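Participant: Those sequence lines, one after another, are chains C and L. Quick note: the first sequence uses the numbering used here, first residue 1, plus one each step. Quick note: the second sequence uses the numbering used here, first residue 1001, plus one each step.
Accuracy of the hints is not assured; some may be wrong.
To be verified - Ranges between beta-carbon positions, derived for each pair:
| # | chain 1 | residue 1 | chain 2 | residue 2 | range |
| --- | --- | --- | --- | --- | --- |
| 1 | L | Glu1177 | C | Leu27 | 17 to 27 Å |
| 2 | L | Gly1127 | C | Gly54 | 55 to 65 Å |
| 3 | C | Ala77 | L | Thr1280 | 33 to 43 Å |
Since the hints were made in silico from the structure, they are not lab data. Since the structure is predicted, the reported quantities are computational estimates derived from the model, not experimental observations. Every residue gets a Cβ at the ideal spot worked out from N, C-alpha and C, and that includes glycine.
Chain by chain, the residues run as shown.
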Amino acid sequence: MDLAYSPEEEAFRARLREWLAKTLPALPPKPSPDDWPGRRAYDLGWQRTLYDAGYADVHWDASPTTRLIFLEETEKAGAPYVGAGFVGLLHAGPTIAAEGTAEQRARWLPPILRGEEVWCQGFSEPDAGSDLAALRTRARREGDEYVVSGSKIWTSHAEVADWCELLVRTDGQAPKHRGISWLAMPMDAPGVTVRPLRTLAGSTEFAEVFLDEVRVPVANRVGDENDGWRVTMVTLSFERGTAFVGEVVACRRVLGEVARQARANGVWDDAGVRRRLGRLHAEFRALWRLTQWNVSEGEASGGVPGVGGSVFKLRYSRARQELYEVAAEVLGAGALDLGCEWVVDRLSSLSYTIAAGTSEVQRNIVGERILGLPKG
Amino acid sequence: MRFRLTEDQRVLKSGFREVLARRFGAEELRGAVDGSGALDRWLWRELGEVGLFSLRLAEDEGGVGLGVPEAVLVFEEAGRALLPGPLVATHLAAGVVPGAATGETVVTAVGGGGLVEWLDEADVVTGDAAGAVPLRSVDPLTPLHRVPGGRSAVRPDDLFVLLTAAEQLGTAVRACEAAVQHARTREQFGRPVGAFQAVKHLCAELLVRVEVARVAVYAAAVTLDPVDIAAARLLADEAAVRGARDSLQVHGGSGFTWEADVHLCLKRAWVRVERGGSITESEEMLAGDLLIDAS
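The task is simple: from the sequences and hints, build the whole structure.
Facilitator: Here you go:
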């Protein structure tokens, strides 16, 4: 058991730090959250910058520890996060890399790495959110094409995406976890309509996607026909295992800022607030250790992260919400001012116990798959 | 970075778990609860023989020559077994108090909260226990005395707090295992109660608290940073106390009886919360650190 990084890992960190210090000041200003084309250009531009510097594939090919260092350092330096590249870099890319054919890897992976194509995720449906396998979007096979009809919801970046990792039902007779296939659907195909959804935070974070007789080549199917559920589980384990590393670093930074703000405006004199801040400090320190633990275990087992990600997500999503509750207490009346970043983040934090599998679903996963309790 | 157990550490932990299962299993635990209330000196010497007390003592001083992380692992197992006695105090006295390392001498200490465990049974007391008054201890396996002046008089040192946190972690593990075992086997309405989401979710939260406490305790054992240790004790206390309470809830009516072991977990966890010193102080220390180190 140790927490020391190897000389190679420390050398990577030092090189990265130096590069970030040189590169970040030259970045263009961040576009507004509602400027989707601006966000796309900004996020892809950052990915291209990473590509040119040799850091593009850090999410895929680097050792888990190297990746941890990358996420830690970029977040500490205030570098952009994956943004519009999120699904491509963290879901679809790893899934295609693990399950795709040589041709599929050659077609889709390089543009993701070079920051040329944006992916979105077509998993959830209006009537199948947490019960993902109840999805009803159907794909009928006609020759070497699937004809897809249905609708998807909570699709982030849909407005500017080139591709959608799409789950469709290819066999309506099979039990619901079978009969699903994983397709790469071009978002500019005829029959695709995107309707932005406004979140309670006021922004259009995601959209509804309507699919009306959309033709997708059979060659775009990743994994076997009707084997999409297994492929999806691979995708979701990536999502839960590694997607929040940078955010934990960010939360630790925000917690320090909240404490300093409390000291500046006198709320610090309230022992109750100090005690809550102290508890959150313990919490985020432990979440960082849990991240390091999961990464080390992942490195030892050599690859796909396991269900331990559910433990992390359950605790992290709640801690994040508590962080912004304390921030609101520190802000006082300022907690009602949407001009303050923490207020918007407080609203956004409400999604964390819902998105990527609700906390209730995560508890089922922990109960059934880790503790071996019977299914209800 | 290799923040996981080494093969040697795994073997040490599971080996110690086996020793305790053989020597202090469910039957011995009940025997101790229903027994005379005396400390089992025979067991104490056996614990000395397997190296519980001399674990961190250098080999040329007759010790095992291991470090704090290894000590944390065996104290986690001691906590899981609900092993009674002033284990941490005796361990910390090894190499200082003659006979402590081998388990010939039982050493207790004035802990945080101004409480002394097993005072009448101990051969040596670390700290000032003058004028100590016995309490009717809530924990049937931890006799307690209170020293005049109370908690303000005592600030336990970091290693004392950390090894206590390791014991709390182990007790949290036990509470979780007991809850899961009960939820798997106890049937109501024609199926195991663990199939009901309300019960399943209690069990899941038990495990989440265990795992968060575990990494906090293990990391603190590696860094020995006082802030890490304060974090570890808060999370381990929470995992043990909340864990025992939730486990009791999962056990239903039987959990409220003397026959179920759950109350032993809860009461021991309460004792150790006091031993670790004031929770408020740990929270204040962590809060203060935010102003120093925001990273």
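Participant: Next step is simple, just say for each hint if it's right about the structure.
Facilitator: Hints and how they fare:
With their beta carbons about 51 Å apart, Glu1177 (chain L) and Leu27 (chain C) fall outside the hinted range of 17 to 27 Å. At roughly 59 Å, the beta carbons of Gly1127 (chain L) and Gly54 (chain C) sit within the given window of 55 to 65 Å. Against the hinted window of 33 to 43 Å, the Cβ-Cβ separation of Ala77 (chain C) and Thr1280 (chain L) comes to about 36 Å, which satisfies the hint.
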